[in-house]
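Q: Those protein sequences? They're chains A and B, same order as listed. Heads up, the first sequence is in the working numbering, so the first residue is 1 and it goes up one at a time. Heads up, the second sequence is in the working numbering, so the first residue is 1001 and it goes up one at a time.
Hints were generated in silico from the structure; no laboratory data involved. A few of these clues could be false.
A few chain B residues facing chain A, derived, Cβ under 8 Å [as the list claims (entries may be wrong)]:
| hint | residue |
| --- | --- |
| 1 | Leu-1094 |
| 2 | Leu-1141 |
| 3 | Leu-1145 |
| 4 | Ile-1148 |
| 5 | Leu-1155 |
| 6 | Met-1162 |
| 7 | Thr-1240 |
| 8 | Leu-1248 |
| 9 | Gly-1249 |
| 10 | Phe-1271 |
| 11 | Gly-1272 |
| 12 | Gly-1281 |
| 13 | Leu-1285 |
| 14 | Val-1288 |
Distance condition first, Cα-Cα at most 20 Å in a straight line; then the derived SDA-like pairs of lysine to any residue [said to hold, decoys possible]:
| hint | chain 1 | residue 1 | chain 2 | residue 2 |
| --- | --- | --- | --- | --- |
| 15 | B | Lys-1196 | B | Val-1126 |
| 16 | B | Lys-1047 | A | Ser-134 |
| 17 | A | Lys-124 | A | Arg-250 |
| 18 | B | Lys-1196 | B | Ala-1127 |
| 19 | B | Lys-1047 | B | Arg-1217 |
| 20 | B | Lys-1047 | A | Gly-135 |
| 21 | A | Lys-254 | A | Arg-331 |
| 22 | A | Lys-124 | A | Phe-112 |
| 23 | A | Lys-254 | A | Ala-283 |
| 24 | B | Lys-1047 | A | Lys-254 |
| 25 | A | Lys-124 | A | Thr-245 |
| 26 | B | Lys-1047 | A | Ser-139 |
Glycine included, every Cβ here is placed at the ideal spot set by N, Cα and C.
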Amino acid sequence: MASYLARRVLAAVPTLIVLSLLIFALLRLIPGDPALAHFGSKYPPEGALQLAREWMGVGRPWHIQYADWVSGMLRGDLGTSLQDGLPIAARLAQRWPATVELSTITVLLAVFVGTAVGIVSALKRGSAIDLMVSGFTFSGVAVPSYFLGLILLWFFGTIVHIFPAGGRIAADSDLQRITNFLIVDSVLTRNWPALLDVLRHLILPAVAGWWWPTAVTARMTRSCLLDVMNQDYIRSARAKGLRETVVVMRHALKNAFIPVLTVIGLDMASVLGGSVMVETIFAWPGIGRWLVEAYTMRDYTVVQSMTLMFAVWLVFVMLVVDLLVPLIDPRCRLD
Amino acid sequence: MPVVNPQNASDGCLSAVDGQQNLEHLLKTRGLLRDTLSSLIHHRSAKIGGLLVGLVILLAVFAPLIALEGPLVGNVVDRNQAPSLQHLLGTDPLGRDVLSRLAWGSRVTLAAAMTAAALAVLLGSVAGLSIGFRGGWLDILTMRLMEIVMSVPALLLALAIMAMRGQGLWNGVMALVLVGIPYYARIARSAVLATKNQDYVLASRACGAGDARILWRHIVPNTFGPILTYSALGVASSITDIAAMGFLGLGVRPPAPEVGAMLSYGATWMFGAPWIMISAGVTILLAVLGLNFFSDALRDALDPSLRCR
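Generate coordinates for the entire structure from the input sequences, incorporating the hints supplied.
A: So this is what it looks like as structure tokens:
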């Protein structure tokens, strides 16, 4: 078990190195001068272009730029935003929790609803419920998260006013910030009205990014559970005279859930990819919206560091999933 | 471009009677193309998908007929009108006809998405074919690299590339091609690996066939199925991504129409003129949903073993 753990953690290191190289190369190989872009449509004054290049450090050899960037990242220095000249790390402290909170809630919601829906449709195979679930999972891939988000915003903005239209928390909230994970903060300070407010703000953006991962999870759960239900040990369990609920809950689900766990990484990737759109629509002050600002301003230091941060977060989620698998599946512990 | 289709074959397998007819049909017809086309025509998913995508394609193709005055002409007196007989999808705050803009806009979006998908399919399959056929350390290294690239959401990478190249539709297409290549390469490669050591390939080699002949006669035809199936999904996700770029203001420059840009324009007028946003969104949805159906049907039609079991 310990060696399994160590191997998985060590395997993440080369992945991260390659990812950082790739993102770095991707942004360098493409022609374009960030210093020139910085001045926009204005023609830069004499010498200013050279000065900007020096300040951004774009004129130096690539390997030195890369070494600087990576060693900075490792020390916690993420560079300086080209838009406002402020250190990226300072804004990250506020923006990062917003994105992590939203994406984690979305994925958890997707996993819970997706598995529940998948189990029901597998057990009631061929029924009307199963058909409805099929329709739901099929349309899940066709509705882009941003269109769903807009429809939700429109519906709850004009017809039913239950949820706020954007942001993380009401502007006049008295919540004391400790970690910037607002759910954690409101629980820590026992500020229940604030917790309710935070959850109400979370619901719409979470649902907007939730359909696709839920559909994938439901589909996966359904097919895995159907596979497992045909196994010999399920027949043995039934032959022993166990009740059907026990057969499903104790014998089938545990085995069916192992492949489903691995979908979580895929879910997280889709939610992060969609976060750029969802955070823009719901005025969510996270990394996604920051990235959009950086795209339009051609702020390549932010684009570079934040894309890598997303990649790191994904690698981390996959690692956690990998470490969870042997807890459920003893076969993994053997090798 | 994470195009994972959670829908598995459900309605592809026909009943026994149909299967019998289909088998006879199969024996009569010759050739992959005719065979595939004839089974597509009878496939339910293909009909639904074809209808949905067809609607959007017709809209795009006949844009000059639908929008006689062009997408940019508007009369401010007629602004923000709800859908009516005169303006089937209403008008926008500048008095422009939404249907006309949508027709021209879907032209742009569809053309861009199809170009992106086609280029990515072409480059990706060539890459996958060659590294899969050659094998060895190059194969392992390339695939490992591509897997790592695929672990980052494609839209994020594409947007990062666009941030460096600047806004514009063509830059968006190029970015999507770049990030799309690994997905197709992986599919082509696995198809190659599945056929490379089949008996008929070995037999052909024993007869003295060279690499080029084996690739062209035996391996390439076997990659068509998975690649085509996947490219239908690829076009779908390119549409979503191109529209996403347009939505973020990184695609075409206004006032040129594009479905994603229309969606974001409609979003700012959500409460005054919701029909702009809804028609743009529904257009994307129809195209993507239709392509998903179509891809399902294609998979069944291109794989005879799935069709008449």
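Q: A separate judgement is required for each hint: does it hold in the structure or not?
A: Verification of the hints:
Look at Leu-1094(B): its Cβ only gets to about 20 Å from chain A, farther than 8 Å, so that hint breaks. With its C-beta approaching chain A no nearer than about 11 Å, Leu-1141(B) sits outside the 8 Å limit, and its interface hint is violated. This hint holds: Leu-1145(B) has a C-beta 7 Å from the nearest C-beta of chain A, less than the 8 Å allowed. Contact between Ile-1148(B) and chain A, as hinted, is supported at the beta carbon level, the nearest pair being about 5 Å apart and thus within 8 Å.
Satisfaction of the interface hint for Leu-1155(B) is found here, the shortest Cβ-Cβ separation to chain A being roughly 5 Å, below the 8 Å cut-off. Look at Met-1162(B): its Cβ gets to within about 7 Å of chain A, closer than 8 Å, so that hint holds up. The interface hint given for Thr-1240(B) holds, since its Cβ lies 5 Å from the closest Cβ of chain A, which is under the 8 Å cut-off. For Leu-1248(B), the suggested interface contact is upheld, since its CB lies about 6 Å from the closest CB of chain A, less than 8 Å.
Taking 8 Å as the C-beta contact cut-off toward chain A, the hint placing Gly-1249(B) at the interface holds, the least distance being around 6 Å. The criterion of a C-beta within 8 Å of any C-beta in chain A is met by Phe-1271(B), whose closest approach is roughly 6 Å, and the hint holds. The criterion of a C-beta within 8 Å of any C-beta in chain A is not met by Gly-1272(B), whose closest approach is roughly 11 Å, and the hint is violated. Of the supplied interface hints, the one on Gly-1281(B) holds, with its beta-carbon coming within about 4 Å of a beta-carbon of chain A, less than 8 Å.
Taking 8 Å as the C-beta cut-off, the interface hint given for Leu-1285(B) holds, the closest approach to chain A being about 6 Å. Given the 8 Å rule on beta carbons, the hint for Val-1288(B) holds: about 4 Å separates it from the nearest Cβ of chain A. Among the hinted pairs, Lys-1196(B) with Val-1126(B) is consistent with the structure: their alpha-carbon atoms are about 15 Å apart, no more than 20 Å. Between Lys-1047(B) and Ser-134(A) the CA atoms are separated by roughly 18 Å; this keeps the pair inside 20 Å, and the hint holds.
For the proposed pair Lys-124(A) and Arg-250(A), the alpha carbon gap of about 18 Å is at most 20 Å, so the pair holds. Restraint check for Lys-1196(B) and Ala-1127(B): the C-alpha separation of about 16 Å stays at or below 20 Å, so the hint holds. For the suggested pair Lys-1047(B) and Arg-1217(B), the alpha carbons sit about 32 Å apart, so the restraint of at most 20 Å is broken. The hinted pair formed by Lys-1047(B) and Gly-135(A) meets the criterion: a straight-line CA distance of about 17 Å does not exceed 20 Å.
Annotation: proposed proximity of Lys-254(A) to Arg-331(A) holds, straight-line Cα distance about 13 Å (limit 20 Å). A distance of roughly 18 Å separates the Cα atoms of Lys-124(A) and Phe-112(A); the hinted pair therefore holds under the 20 Å criterion. For the suggested pair Lys-254(A) and Ala-283(A), the alpha carbons sit about 39 Å apart, so the restraint of at most 20 Å is broken. Between Lys-1047(B) and Lys-254(A) the alpha-carbon distance is near 39 Å, which puts this suggested pair outside the 20 Å criterion.
With a CA separation close to 13 Å, the supplied pair Lys-124(A) and Thr-245(A) stays within the 20 Å bound. Among the hinted pairs, Lys-1047(B) with Ser-139(A) is consistent with the structure: their alpha-carbon atoms are about 17 Å apart, no more than 20 Å.
In the structure shown, a violation is registered for the earlier hints numbered 1, 2, 11, 19, 23 and 24, in ascending order.
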